[in-house]
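Peer 1: Sequence:
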Amino acid sequence: MFEIGWFSAKLFFKGKLLRDPIQFVRQTAIGISIGSLLLVSLAQTEIPFWLTIVVSSLVTGAVMPFLLKDFKMK
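Counting from 223, one number per residue, gives the positions in the sequence shown under the working numbering.
Keep in mind the hints are simulated off the structure, nothing from the lab.
Some hints here could point you the wrong way.
Claimed, not checked - Cut-off 25 Å, straight-line C-alpha distance, at most; resulting in silico cross-link-like pairs (PhoX-like, lysine-lysine):
id : residue 1 : residue 2
1  : K294      : K236
2  : K236      : K291
3  : K291      : K232
Please work from the sequences and hints to get the whole structure.
Peer 2: Given below as structure tokens:
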């Protein structure tokens, strides 16, 4: 398992892992933006902060597979 991760990391840093790295960065940035905006907006309400973190994490985790469904590797 460690070898697979190490090999993938080496390919990623050489630029040979992703077919379209710009699309990957764009989709990841969209997901991070959704999570951040949700976190900030919920943090300004009266609900406990731990619940804010849990909700924004769950929503971000649920959105990422839909954003990266067309993700292609070499």
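Peer 1: Now look at each hint and say whether the structure bears it out.
Peer 2: We went through each hint and held it up to the structure:
1. The hinted pair formed by K294 and K236 meets the criterion: a straight-line CA distance of about 16 Å does not exceed 25 Å.
2. The suggested pairing of K236 with K291 holds, with an alpha-carbon distance near 23 Å, which does not exceed 25 Å.
3. Between K291 and K232 the CA atoms are separated by roughly 23 Å; this keeps the pair inside 25 Å, and the hint holds.
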